[in-house]
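Chain by chain, the residues:
There are 2 protein chains.
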Amino acid sequence: MSQERSLTNRKLFNSYFDKKLEDGTKITLEGWVRSNRNNGSVGFIEFNDGSYFKNIQIVYTKESAHYEEFTKVKYGSAIQVSGTIRLTPEMKQPFEIQGEEVIILGDCAEDYPLQKKKTSFEFLRDIAYLRPRANTFQAVYRVRNALAFAVHKFFQERGFIYVQTPEITSNDAEGAGQVFHVCSDLKHPDEFFGTSASLTVSGQLHAEAFALAFRDVYTFGPTFRAENSNTNRHACEFWMIEPEMAFADLEDNMDTIEAFIKYIISYVLENCKEEMNFFNNFIEKGVIDKLKLVINSDFRRMTYTEGIEILQKSVQNGHKFENNDIFWGMDLQSEHERFITEEIVKGPVFLIDYPKEIKAFYMKVNADNKTVAACDLLVPKEGEIVGGSQREENFEKLQAKMKEQGNEATLDWYLNLRKYGGCIHSGFGLGFDRLLMYITGMQNIRDVQPFGRTPGSLKY
Amino acid sequence: MSQERSLTNRKLFNSYFDKKLEDGTKITLEGWVRSNRNNGSVGFIEFNDGSYFKNIQIVYTKESAHYEEFTKVKYGSAIQVSGTIRLTPEMKQPFEIQGEEVIILGDCAEDYPLQKKKTSFEFLRDIAYLRPRANTFQAVYRVRNALAFAVHKFFQERGFIYVQTPEITSNDAEGAGQVFHVCSDLKHPDEFFGTSASLTVSGQLHAEAFALAFRDVYTFGPTFRAENSNTNRHACEFWMIEPEMAFADLEDNMDTIEAFIKYIISYVLENCKEEMNFFNNFIEKGVIDKLKLVINSDFRRMTYTEGIEILQKSVQNGHKFENNDIFWGMDLQSEHERFITEEIVKGPVFLIDYPKEIKAFYMKVNADNKTVAACDLLVPKEGEIVGGSQREENFEKLQAKMKEQGNEATLDWYLNLRKYGGCIHSGFGLGFDRLLMYITGMQNIRDVQPFGRTPGSLKY
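Line by line, the protein sequences are chains A and B.
Heads up: the first sequence begins at 943 in the numbering used here, then just goes up one per residue.
Heads up: the second sequence begins at 943 in the numbering used here, then just goes up one per residue.
Watch out, some of these pointers could steer you wrong.
[Claimed, not checked] Result set (SDA-like, lysine to any residue): computed pairs, CA atoms no more than 25 Å apart in a straight line:
| hint | chain 1 | residue 1 | chain 2 | residue 2 |
| --- | --- | --- | --- | --- |
| 1 | A | Lys1401 | B | Lys1343 |
| 2 | B | Lys1401 | A | Glu1133 |
| 3 | A | Lys1361 | B | Gln1098 |
| 4 | B | Lys1060 | A | Asp1049 |
| 5 | A | Lys1361 | B | Lys1204 |
| 6 | B | Lys953 | A | Gly1101 |
| 7 | A | Lys1204 | B | Glu1032 |
| 8 | A | Lys1345 | B | Asp1049 |
| 9 | A | Lys1345 | B | Cys1050 |
| 10 | A | Lys1014 | B | Asn1336 |
| 11 | B | Lys1361 | A | His1130 |
| 12 | A | Lys1095 | B | Gln1098 |
| 13 | A | Lys1095 | B | Tyr994 |
| 14 | B | Lys1361 | A | Asn956 |
| 15 | B | Lys1129 | A | Gly1101 |
| 16 | B | Lys1312 | A | Leu1047 |
| 17 | A | Lys953 | B | Asp1132 |
| 18 | B | Lys1095 | A | Gly1101 |
| 19 | A | Lys1129 | B | Asp1132 |
| 20 | A | Lys1361 | B | Asp1049 |
| 21 | A | Lys1016 | B | Asp1354 |
| 22 | A | Lys1095 | B | Lys1204 |
| 23 | B | Lys1129 | A | His1130 |
| 24 | B | Lys1361 | A | Glu1133 |
| 25 | B | Lys1361 | A | Thr1061 |
| 26 | A | Lys1343 | B | Cys1050 |
| 27 | A | Lys1095 | B | Asp1132 |
| 28 | A | Lys1401 | B | Lys961 |
| 29 | B | Lys1095 | A | Glu1133 |
| 30 | A | Lys1095 | B | Cys1050 |
| 31 | B | Lys1129 | A | Leu1047 |
| 32 | A | Lys1339 | B | Lys1343 |
| 33 | B | Lys1401 | A | Gln1341 |
| 34 | B | Lys1361 | A | Asp1132 |
| 35 | A | Lys1361 | B | Ser1024 |
| 36 | B | Lys1095 | A | Asn956 |
| 37 | B | Lys1401 | A | Asp1068 |
| 38 | A | Lys1361 | B | Asp1132 |
Just so you know, these hints were derived from the structure itself, not from any lab.
Quick caveat, the model's predicted, so the values are computed rather than measured.
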């Protein structure tokens, strides 16, 4: 069926947009039926092959030799249609197909769980293998695809090397998260690798080894957390983007983050117009304006200390946070971050130079010996969206930190990177799925992943 | 240091290639020292920041105020050099830097394990965190990066949707491979997810659910096998590419595979010229010709049955295989595959219509009820490099197969895809790491992965 395959719905729309679609052209198309209604003499089928967000309409009449077959076409079934293109500039849809022949390629059983009536996201989660056919998820996964490619495109255009850091590891990068164990034999879990193995929580440490050989690198792959958190924002398995740059300080890092965020959002707005309009109308009113504000802002830079002072002053002036106990050294909560970016800066802002006690062991300690060269990017309606830092390149300082941390023995190789031509370097990390939530306005991480993995949930 | 960062070694070479590099320009560069020798009055430093395969040469003389500092620069250390560009059209390298100032950004300890003298790949595996700095691995990982991007580019240009299928799963796609168990508590392994969990061996089944919503999709992510195989070609963790296409039969599948293989190899040959010359000269003589043969061939198509007859005839005519017992129904070994592609076809060939008994349960049974619509792509000097098939779209036939297989209960959702608008669809899979071995000529899968995962090996 090679010839028919070449004409996807997207290609048909593209040729319309390019003004190359001609009235009267004979074509054959495949797709799945979204609706079929008729009044006894004229009928309309909406169908879609998933290559483009909009449906194509087929009109069939009693005059068609296949009229009976057309009337029998069921919601959800796969069909092949042959017919003639009719340009309809006066109608809602710019063209339609005058249907002449129809072949039912795959019927759809009566108990089809994905019904036309509006269903809840919760229900759809339970039929995760069918929900990609629902409108919202057509949009979500198409934006997901565009966003993933934009990530690669940005870094490739800048000469970064893509590194697939390992998933199975004996290291625990953050020294914090609960990890999943990996073994081939539950009774002898250490036997296969000769040591205990777990799923990675971050590719950063491995990426640093590559940055010190290739200058600019990035990872983009799955990471895991065995956290028993049943929130809208926690998943056990999620994709992370972790760039790492040698000869780069915190300023270089922030410049790269800013360019990156603007690039990928612009890419999605340009390449997923229909989908973003859908999100703007039905999922988060104003999401497009929210994203355009980010693209058009110069990202401000503010110290953590200044942020704390602003928050304290706001409390003194009567502002009520859920947590009103603001002090230097605290971990900011989402409400505090959002207040700074939404009310004070009214745009994206990097908070930098955090207290060393609340940040990871590998971050570079500043000259004040109290703060580290970290930068968290805060954006309106979200709070923190990217976390980065300059890494400690001094062997002795990092060694002391790792002794405290107790990971000097297992991560000796990581420490040694500072001994053999180590140099200043910086990097950042962001969760791809949460970024997608921010861009689409979807409220639950389970609804932006192809098959979400959360505690108690592993049906597919 | 933002300004210096913008000038990578690659950019310098690019501006030379674009004929924009001017003699006398003052520049500042960073990189790692590959060698430093001097005769007491003139010295030469070779260095490289990892952004381009070739080193840059710095010349320093007694006249330089920093002469003493230059002489002290050690192999392996990170430096920043300021100097003047000198075009040297009569020399081996087309330009050099007349060094004026040097700053040692990161010293290199005397016990640096990566010494200049030629070391074995086996030794380098043991210092996996440093080997990206070695010539061979600079080339390997840069080709790996280009190849990964080529994969995305090919599918994105054709409208395929990238799906990140899950790593943690309760399904076992092939029903064959040994799987890694995943749990948060080794004593209660099923508690976290409420069922036993393992690492995926293939994203295909999940990709099929997406193909039946988006028409053309692909996965590109890690997969796992807990096989205790200590061969050059087996790893516990490796990246797979698994495209899946709705409304596509076996012919469409082969057309796509052929276009894909030609595209990604061409991309690497065009974008990694220096690296491929290196492999051609030092790793596999003739590897470029091997790849060009693939690009320039029309891929033949031959049935398994015909392949068996050819092999039998060759044995009758005196050809000696290690396994000379050729019979219809056997699984072909590498020597048989290579004989067909190298000696008979003298180029790439699809072997199709394999006995159903030796292929996976989800493949479409042909009208003869003996063979399935599978296609394995065989290439010279390798054997099988891609495996694909049309999938069984008939509910009853697949159900019968799954009953035999005993996976009807756990994969009921997969079976149901045939009930709700299922249609003919096809797909293929290939191991990214083995593809990279084939393209570079590297002989051990451990040497093409950033940090290889094999039984007994989990140091990093």
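Hints that the structure is at odds with (numbers, increasing): 3, 4, 5, 7, 11, 14, 15, 17, 24, 27, 28, 29, 30, 31, 32, 34, 37 and 38
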